[in-house]
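Listed in order, the protein sequences are those of chains A and B. Those letters in the first sequence? Residues 1 to 111, per this note's numbering, in order. Those letters in the second sequence? Residues 1001 to 1113, per this note's numbering, in order.
Each hint should be verified, as a subset may be incorrect.
Claimed, not checked - Pairs of lysine-lysine, BS3-like flavour, derived with a Cα cap of 27 Å:
#1 B:LYS1079 to A:LYS56
#2 B:LYS1080 to A:LYS36
#3 B:LYS1079 to A:LYS51
#4 B:LYS1080 to A:LYS27
#5 B:LYS1079 to A:LYS36
#6 A:LYS60 to A:LYS38
#7 A:LYS38 to A:LYS68
#8 A:LYS68 to A:LYS56
#9 B:LYS1096 to A:LYS64
#10 A:LYS51 to A:LYS27
If you are wondering where the hints come from, they were derived from the structure by calculation, not from laboratory data.
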Amino acid sequence: SQELEQSPQSLIVQEGKNLTINCTSSKTLYGLYWYKQKYGEGLIFLMMLQKGGEEKSHEKITAKLDEKKQQSSLHITASQPSHAGIYLCGAEIQGAQKLVFGQGTRLTINP
Amino acid sequence: SQTIHQWPATLVQPVGSPLSLECTVEGTSNPNLYWYRQAAGRGLQLLFYSVGIGQISSEVPQNLSASRPQDRQFILSSKKLLLSDSGFYLCAWSAKVPPYEQYFGPGTRLTVT
């Protein structure tokens, strides 16, 4: 079965600093999804990557999928308090219309 | 636009009592539907998913069951709750064609006492 490992599990950064969250798969990724969750709420879809080397950006958040399609990174530039929350990566399971998720990265932004 | 609803938002139930959580989707037809559980500090565990009315796939054998009586309605049930059923339950939908990004409801926090 496919497994996703996220690192770090938690991250505390000062407001204005850059940060990176990684998501590593045990198998080739055919679709990689990034979500954000505020405590006690549902997940918000951020972006989806499919092609090796693909990079997408939304406001100050950039996600990349490596050429070998086994690792993705989420980079936040000039972090703000609004970026705080739990970030989860999810991967399509080949041949099935469902996703498997990493355990999440809890991001705290200190003023 | 599509909207997904879950209720109740919070629930406190004694051990051994029944459970019914409901999820409904608006603005789309024939979606895939999913139930997840999120334990404190952990990722999402897929419990059930459905590709159509009456079609349920169970991912993890447990004390829970799911039903899809209507196209846009997904219900999570239990006849007798266990303490280990406590958690945050999330419903999601996706289209049937790729990409399969899933859109999540607001969740139900269940505490079994």
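> Holds or violated: LYS1096 (chain B) with LYS64 (chain A), Cα cutoff 27 Å?
Replying inline: holds (25 Å)
> Is the hinted pair LYS51 (chain A) and LYS27 (chain A) satisfied, with a Cα-Cα distance of at most 27 Å?
Replying inline: Answer holds: LYS51 (chain A) to LYS27 (chain A) is near 15 Å, not above 27 Å.
>> Just to be careful, I want the Cα atoms of LYS38 (chain A) and LYS68 (chain A) compared with a cutoff of 27 Å; is the pair within it?
In response: violated (31 Å)
> Going straight from one Cα to the other, do LYS1079 (chain B) and LYS56 (chain A) come out at no more than 27 Å?
Replying inline: Given that 27 Å is the threshold and the Cα spacing comes to 45 Å, the pair is violated.
> Holds or violated: are the alpha carbons of LYS1079 (chain B) and LYS36 (chain A) at most 27 Å from each other?
Replying inline: Distance of about 33 Å is beyond 27 Å: violated.
>> Between the alpha carbons of LYS1079 (chain B) and LYS51 (chain A), is the straight-line distance 27 Å or under?
In response: violated (45 Å)
>> LYS60 (chain A) and LYS38 (chain A) were given as a pair; does the straight-line alpha-carbon distance stay at or below 27 Å?
In response: With Cα atoms ~18 Å apart, LYS60 (chain A) and LYS38 (chain A) stay inside 27 Å; holds.
> Taking 27 Å as the top limit, are the C-alpha atoms of LYS1080 (chain B) and LYS36 (chain A) close enough?
Replying inline: violated (33 Å)
> Is LYS1080 (chain B) within 27 Å of LYS27 (chain A), Cα to Cα?
Replying inline: Violated. LYS1080 (chain B) to LYS27 (chain A) sits at ~38 Å, over the 27 Å cutoff.
>> For a C-alpha distance cap of 27 Å, please report whether LYS68 (chain A) and LYS56 (chain A) respect it.
In response: holds (17 Å)
The structure is inconsistent with the numbered hints 1, 2, 3, 4, 5, 7, although it conforms to all the rest.
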